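Engineer: Given chain A, put chain B in place with the hints provided.
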Amino acid sequence: MTAVIETNDLGKQYGRKWALRDCTLSIPEGKVIGLVGPNGAGKTTLLSLAVGLLTPTRGSITVLAGRPGDGPAQLEKVGFVAQDTPAYAGLSVGKHLLMGAYLNANWDQQLAKRRIDQLGLDLRQKAGSLSGGQRAQLALTMAIAKQPELLLLDEPLASLDPLARREFLQGLMEIVASHGISVMLSSHLIADLERVCDYLVLLVASHIQLAGEITELLATHHRLSGSRRDPRSLPSSHEVIEESHTDKQSTFLVRTDQPILDPAWTVRPVTLDELVLAYMGQAHNPRPGRRSALGVVS
Amino acid sequence: MIRFAWLQFRMQAALTAAALTIVAVVLALTGLELAHLYDTTVAICAAHHDCSAATTNFTAADGPLQVFSDFLLLAVPLLIGMFWGAPLVSREFEAGTFRLAWTQGVTRSRWLAVKLGLGAVASAAIAGLLSLMVSWWSSQLDQVNANPFDSLRFGVRGVVPIGYAAFAFALGLTAGLIFRRMLPAMLAALVGFVAVREAVTAWVRPYLFTPLHQSLPITTATPVSIDQTSPGIIKAFESTRGISLPDAWVYSAKIVDQAGHTPTTSFLSRACPLGNYGPLNPRDCTARLAAKFHQLVTYQPGSRYWPMQWCELAIFLSLSIVLGGFCFWWIRRPVT
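Chains as they are written, first to last, in our numbering: chain A, 884 to 1181; chain B, 82 to 417.
Chain A extracted, bound-state conformation (with noise of 0.2 Å):
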């Protein structure tokens, strides 16, 4: 199985804070990768070495087997659509189409043109005076039409209210259902990522605080709750995510291989909104030694 981005001990400074440390991943081909976090977690950091507009302060980051905008070929593997979607307000429609025909090797025009008619936006529009969802749609039909094998989108909903959200996921998924191709986007809420990812990355706090296939999560995290327990009296193979406790009751989220056997337990399935909300709580009252042997999902 390759890996469409494979990083190792990635980290990137800015003066002396850390925009992202510690991150180790392998996500592999042919996913939908929901990267979620708060804001400031650093996705938008991730998402930018990925394509190369960041260089890493230190570890490494390879995308599709390259190193991100290292040539011509590199760029054009990836499509990017930025965190408020720049366009050249002064440019038409038409002309955002040219300049993806200039400069893309692989600019399918037809496609291009298809999808903007589609959207039902006039080619002689300029930019700057698109709505934040045209602008969106735009943004998105130029990372198309180059025909990247993977497609970067840093928060391409947030400026979208929930039709033309829903509207975009559905282009978006087309598009994957009908090239194939590898997708990472981001979003401070999973909700909005849920219906359409098959693969999760959390961020929090500048560290990979979860990673995996999302069916794979699902199956190895579970919620028990029974009578007032320990939680160091659970076994070694499970662990401990997040714990509550009233006076008779516990409450735990844990995460094993293994199956639950002790009848004292009452097992329910976990939600993927719990389990990143888990998490989240977990990567903000850390336990020690806890952490590191979580980050890391290969």
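Please keep in mind that the hints were generated in silico from the structure rather than gathered at the bench. What you are looking at is a predicted structure, and each value in this text was computed from that prediction instead of being measured. Don't be surprised by glycine CBs; every beta carbon is placed ideally from N, CA and C. Don't take every hint at face value.
[Stated by the list, open to error] Pulled from the structure, derived: some chain B residues nowhere near chain A, Cβ distances all over 12 Å:
# : residue
1 : Arg84
2 : Val104
3 : Val123
4 : Ile125
5 : Val272
6 : Ala280
7 : Arg369
[As the list claims (entries may be wrong)] Quick look at which bits of chain A chain B covers, simulated, 3 or more residues with Cβ under 8 Å:
# : segment
8 : 972-981
9 : 985-994
[As the list claims (entries may be wrong)] To list a few chain B residues with every Cβ distance to chain A over 12 Å, as calculated:
#  : residue
10 : Leu88
11 : Phe164
12 : Gly209
13 : Trp284
14 : Ala340
15 : Asn362
16 : Ser399
17 : Phe409
Structural biologist: Chain B in isolation, oriented as in the chain A frame:
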């Protein structure tokens, strides 16, 4: 990439071409009139023995346009630096569009190379064309006015404006790349260009070629004036006026003897006894000075005008290339 750069640049290019055309038409029409005026007055003035009136009349012709054309050539490099060079990259940063431009299938270096190359060539071409037009328009005025080395005129004729424009553009672009904000970049382009241009005019241009020396006799035509700077101290006032070296740039004219010494106070007080308003008898004073002293003139001959023009052009083009090289190094740095 060239086609894309042209896509973004063509509006500005069209506006500039229109402005240049207007200037060309105005200069062509008035230039023909000026040439006609010259041919019918100054060129034949010797026959009518009224050359001073004819030249005075001629040099006053189209006065506002003379000032304007010189001003235009002074201003154009500045405008290019501030309004083409400075915004070129800084606006991409301010609008965030660098994240769009630099993630297409063209490397940043290539992007910069085309932007820089196209802009520098366009800047140089505009300044060159403008200088050519103005040089043609004012060719006869310049003949009458003499002194092509005049510090204002040297910079607004010939080939040096080409170098100024290319340099101003490169400077603006560099500032934009460093500051990433348009206004600071424009300000830096303005201040930087004026400073470098003035520094080269004052401290580089005079030393490009070792000046020549020539001894000229002191005659009654030499404007020797004796100056009593303080009681008991008298010195011969050095003046470069009236030195007849055609089209030369005269640095200084000293009154010295064979050994190179200037007249002593005691000699001057003997040779040129002072009255209330300078020497009592200027004619005797000049004759006594001329017997022992001569004028030592330090100057650049008129034949060095074009070598100096090319030299200064080379200096500014080299500076532009250095700035360009810096930009290529700088743009490889990561951006946020």
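Engineer: Taking the hints in turn, state whether each one holds.
Structural biologist: Status of each hint after checking the structure:
{"no.": "1", "hint": "Arg84", "verdict": "violated (5 Å)"}
{"no.": "2", "hint": "Val104", "verdict": "holds (26 Å)"}
{"no.": "3", "hint": "Val123", "verdict": "holds (51 Å)"}
{"no.": "4", "hint": "Ile125", "verdict": "holds (57 Å)"}
{"no.": "5", "hint": "Val272", "verdict": "holds (28 Å)"}
{"no.": "6", "hint": "Ala280", "verdict": "holds (35 Å)"}
{"no.": "7", "hint": "Arg369", "verdict": "holds (77 Å)"}
{"no.": "8", "hint": "972-981", "verdict": "holds (count 5)"}
{"no.": "9", "hint": "985-994", "verdict": "holds (count 5)"}
{"no.": "10", "hint": "Leu88", "verdict": "violated (6 Å)"}
{"no.": "11", "hint": "Phe164", "verdict": "holds (15 Å)"}
{"no.": "12", "hint": "Gly209", "verdict": "holds (28 Å)"}
{"no.": "13", "hint": "Trp284", "verdict": "holds (39 Å)"}
{"no.": "14", "hint": "Ala340", "verdict": "holds (68 Å)"}
{"no.": "15", "hint": "Asn362", "verdict": "holds (77 Å)"}
{"no.": "16", "hint": "Ser399", "verdict": "holds (30 Å)"}
{"no.": "17", "hint": "Phe409", "verdict": "holds (15 Å)"}
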